[in-house]
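**Q** Here's the letter readout for the chains.
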Amino acid sequence: MSQFDAIIIGGGVNGLIAGTLLGRRGKNVCIIEKSNRFGGMASYSVDGGPTLAHSLYNLSPRVLSDIGIDPQHPVLSGKPVSTVSLSEDGRHIVFKNEGVFWSEGAKHPESDAWTDLTQQLITYGGLLRQLAEAPPPGGQKAILSRGGLNEFLRLAKLGIGLKKLGKPEMRRFLQVVLSNVHDIVLDDLPEGSVAGMLAADAIWGSATGPRSPGTVFNLIYRLGHGGNITQPAGGMSALTDLMVEAAQKAGCVLMPETEVFRILLDDDTVSGVATNDGRTISTPIVLSNLAPKLTSLMTGHSIFDIETTRQFRNIRARGTAAKVNLRLKDSSPLPGLPDELADERLIYAPSVGYVEAAFNPAKYRQMSKAPVIEAFKMQTADGASWLSTIVQYAPSDLEGGWTETAKEQLAEITVETLSRALPGLGDQIAGKQVITPDQIESATGAPGGHWHHAEMSLDQLLTLRPANGMSRYSMGPKGLFQCGAATHPGGDVMGLAGRNAALAALEAQP
Amino acid sequence: MSIFTDPKLGLIPGAFHKKLEEQNRAQNWYDWAGFAAPGVLDSVEFEYFALRNQASLFDISPMHKYRLIGPDTTAMLNRLVTRDVRKISVGRVGYVVWCDEEGMVIDDGTVFHLGDNNWRLCCQEQMLTWLLDAAWGFDVSVVDETHSVAGLSLQGPTSYAILEAAGFDVSKLKPFDLAQIDHNLMISRTGFTYDLGYELWCDWDKAEALWDRIWKGGEHQGLRAIGYEAVNLARIEAGFLTAGVDFQPVHGTERLHRGQTPFELGLGRLVDFNKGHFNGRRELLSKRESPRSLLMRFDVEGFKPSQGSLIYNRRKKEVGHITSGIWSPTAKRNIALAHVRMPDASRSSGLKAEIYTLQEGKWRTRMARLTPVTKAFFTPPRARATPPART
Amino acid sequence: MKVENRYDVIVAGAGHNGLTAAAYLARAGMRVLVVEKNDWIGGAAVSRSLHEGWTYSNCSYVCSLLRREIARDLELPKYGLQVIPYEGGASFTRDGDYFAYYSDHNALKREMARHSAKDADAYRGYSRSIMRQCRFIRPFLLRDAPDPASLHPRDLGELAYLVKKANGLGSRELGETLKFWTMSIGDFLDEHFENDLIKAHLAGSGIIGTGLGVYSPGTAYVLLHHYMGDIDGGIGAWGFARGGMGAISNAIAASFKEHGGTIHTGSGVEKILSKDGRVEGVALEDGKVYYAPVVASNMDIKRTVLHHIDAAELPDEFTKAVRNFKIRGSSAKLNIALDRFPNFPAAPEHTSFLRGDLHVSQSLLELEKAYDDWKVGRWSEKPYIDMLIPSQIDPTMAPTGAHMMTVFVQYAPYDIEVDGVRSAENWDEKQRNAIAETVLDQMSVACPDIRERVVHMEVRSPLEIEREVGLTEGNIFQGELTFDQLFFNRPVPGWSQYDLPIKGLYLCGSSAHPGGGVMGAPGANAARAILRRETRHGRMKGYAA
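Residue numbers (numbering that gives the first Met the number 0), protein chains in the order written: chain A, 0 to 509; chain B, 0 to 390; chain C, 0 to 544.
In case anyone wonders, no lab produced these hints; they're calculated from the structure. Worth double-checking, as some hints may not be accurate.
[Unchecked claim] Below, a list of computed lysine to aspartate or glutamate pairs in the DMTMM-like style, where the Cα atoms sit at most 20 Å apart:
#1 C:325 x A:187
#2 B:331 x B:317
#3 C:319 x A:115
Could you put together the complete structure from these sequences and hints?
**A** Right, dumping it as structure tokens:
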């Protein structure tokens, strides 16, 4: 029988980070993964096609430094990509750090307004990052404890940060973070592609439309680390490989193709895990990278209070983003797109109203007939060329289910929609892969195939994430923690949830 | 258009309504979970002394009853209640309490272990939502039997003789035993009076026939149908708590912080920390040693019932109130149940109740000394004797 | 300058909030003038007779939110106000059944159990959650919202009060409160109930008057906004004002006049006069000019700032924030004179629930779809309707044997789309008739003979409401009730305490905290602010102080 100081269940990004961090703090850690590869949703792919996640925009530098990955590592030093909003008339719009431009090079008239608004949100994101880099506020009982004091200092720092903004900006901050992206964007920009781009960036991976209050928060979350978008050199699996390497360097034992079927308890304290292959591994600490409901299946529901199980049953996680990978016949440029934009991030979101209309069918368990799309042209390791796209909205609970016909329909809608701006795209396509949210769920365990395991809505954030009373990473018995995307601050390839959870575990059981 | 009354409004007849109506000379109905239930049928004294001296019949059908069946029922119940129900064997009944996640009592009640993984929970408060929540993830089906199972409480020294006369052999039933007489009738040796007594459970539509049979059996045994007021006297003598009176079921409170732990209600003996997790266990572990108040039994100076009186300590600071207070006709004492805040509850000396009395148009107040009593006020040996006496 | 043109305070607009502010100020000994553009008073709390023999509550139609502190301070019963609770209501199904709501909990439980035994049991937990939120929020209604960016002792004091109240909840309940305030009414109901009809019935209060759908975050709060009132302490109870909602305004006006107040009707404010950042008075449309060192505007913030004040007098940032204030028209109203009581075939004989609020929405998704129509400039194909027949309880509203019906309609956009163009100007006779037909179709689900019963009908689109009452876009709350426009964000950040950037100018309508509904709280709160800031010993007296 083997023994560890801590066991991580689930070798996704947050699990790897939590394990590595604990390893680097001297813990003897084992990371157990059900599938034959690590990296979870980030590096999930089908038949060697493009991975589920295809770009980085808010990977936390603090996490990288905590797990000993050099932010300048070649894998991470990919060139920032610009966003291109595709237009039917061929005048695409390019969003760069310097501003907004027409594809032919002229400055877009809404450039300044876009830059001002984006910068404002990036500033707010910087403030909120202080909250993201620690457990959510409000959980410490005694202010005089070490944790309580730290929390107080952190909030004080946030308060000082707010004060530094000046009174009007501070007030504006408190208004904007609670608002919806439709209003905030259209207050400053006319309806159209520039506004549509911001609306799209506020809804990726979520079951909301631009008019839903709270969507500004999603946009800020995305921009919280400066807003730069990069693609890791060698693809997303190169990054997850790097994380695996970091884990190994930190002394973690990695166990792929091993399924935990039971978390063992003794007198309301974690004592180990039992795996499907009949092994029992003892440990006083388990960090689960799975959503609470799945974790609860491993402990048995009876070790949680009834209110707790009710809370986590009510967590909303309805995935709405499908991955549609279009294999291209060759690496020749996409039709209708200037060469210099070939490797940029392409989005199709011609207006805020368009994004909102795309959301409507998802409410009634239908797929969007005119979806919002994000696309990257890329090559996989085998040299094949792909257009890797995220298509929204494609709800996990599609009426009638995600049959082959439904998938084929979604692929057709995707090609059709993109072809409006890239006429002739259809002729270049040699094959299609459709990865729907329900498929993501069965492959990775993410509830509803949701990127964040739990909707990033205001009633499921901060102290309420993943649910009221469960926000401090610990869960039920002594020694059991959650470290996945369902916890504060949330998912994406960001890593803060795993890091915060590891720190919480260390604080509880040094 | 006139102002109509709606058929859904008002009290509805219960399982024994026809029988009760025949005897209800006082026409004193009250609302028990929507049913017309008798407060008094004849006179309180008459009914109370029948209960303590002969035998009484009281309709308990409005109680909420839930059947829990399925392979995980014992596990599910053990996570629900604070006691270890594995120690309640088939054919036994257990008094239990259950708490919310903060360790505050949701309700108390009885569980009937009818068969393997086959239980009935009987309680005062509606509990379906909570039981369904509790059963989530367990292989248990929860069936609300409130309107399909009728209950009749037969209490008093001649109750055994009456059952015998009615043709039921319950001589072997010890307190908290139950017996399935036939598929339609179950009898348990339980009650709310701390006296010899039985509760009879049958299908709703067979209720009147059961009543008739018992009534006939009681022909020569002084059997009386009684209302709640007489029962209330007896249960205070027995020291039993009533939900909403002696404690506030926490799911029924709109105001915050009205809940109480089992320790605060003097029910610590029902909490078993060694059985594994149960709802509220983690909070109760930390709250065990720090009750904020205690539910106490008092002997009250003088003869005036103390219901609703405020309690003061030596320094004339208000430290609690009487939740139930009566003159006990059997114990011949002025008795009370009361909430007293800590630390006065642990000192428990020098406490006085401020009793208001209205005598023919004149209000008077008196300060009555309170003397703590540890045991129930009335505990006759006949309550526990097996086989039971016939008188 | 004639002396009779000078007042201590001028209130622009004789809505119930303007009158409330005026009445408090008059009682404090100030010389107060209320000016009103219409020939009648009341704003949206008004009763008018448009067809002989019938009286309509033309805009607002039921009463619960009016703070009892105000009713008591202003002695409204003495001036004729009687509020009668109505009990119950129902939602009718398209297949001839109904779900009825009763205030009697036994009856309600029996009726709920008819649709779902689980829901009948779950209702207690649901109603407990709502009541807890009501208890939490009610004390804040007659207090100022603190400015979180300010270090002024009053703001710190109000913040401390907020923190104290929040702390008192305990961490779990505080979490529940935060969750409730940020979630959608649809999600909240889904957590408690399984039956579509029950959920649809309960959801209505979450969308009335707002540009949000039942699944938009924040609509649980909107529901709370409708539940936090009371009648005689019965929290969440609704009732009729005898004589229609105008009776409320009339009683406040009478109380005001008896304490020396003057009301000038028939000419609205053309301009709020100010000089060197200090208010001077108002110029009316009819050319009259009145002077006062204090002006309180009962108009919404947009109308006040963007139409009646010289832009040069205000900081650009403020004007921009006001321009961005969201005040969206989303409701229409039908007032109908009926020759006799309509037939409700589904309702059992001798029922009481027809005296309450009646609906025909079948499910949350149907309500959500109604919102989708509104987003693109159409009124809902199947609108949410809230219809009542107050003449069953109030004999003053219609001739004997005849009845008066009020029908609130959600959603109806302000700028409807006709032939590809979205504009409020599209609301012509033809469109009004068309929406009336849509609503009558909906109503016939409950009472198929409704068309035959109509003697006279007033159809009010958002445009009519705007033109007549003055509410921008016809928004009944003088501004959306979303988080970014509530509490210290209402109406705009930094100006949540009734004053405006021009000295002596105040806001006393529902654009200010705590928002809309016939509550009177913004008016009373504004009066308190005026007395504190503009008078030497300015403390308001009374329960609302």
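**Q** Indicate, hint by hint, whether the structure satisfies it.
**A** The hints, checked one at a time:
no.	hint	in the structure
1	C:325 x A:187	holds, 14 Å
2	B:331 x B:317	violated, 28 Å
3	C:319 x A:115	holds, 15 Å
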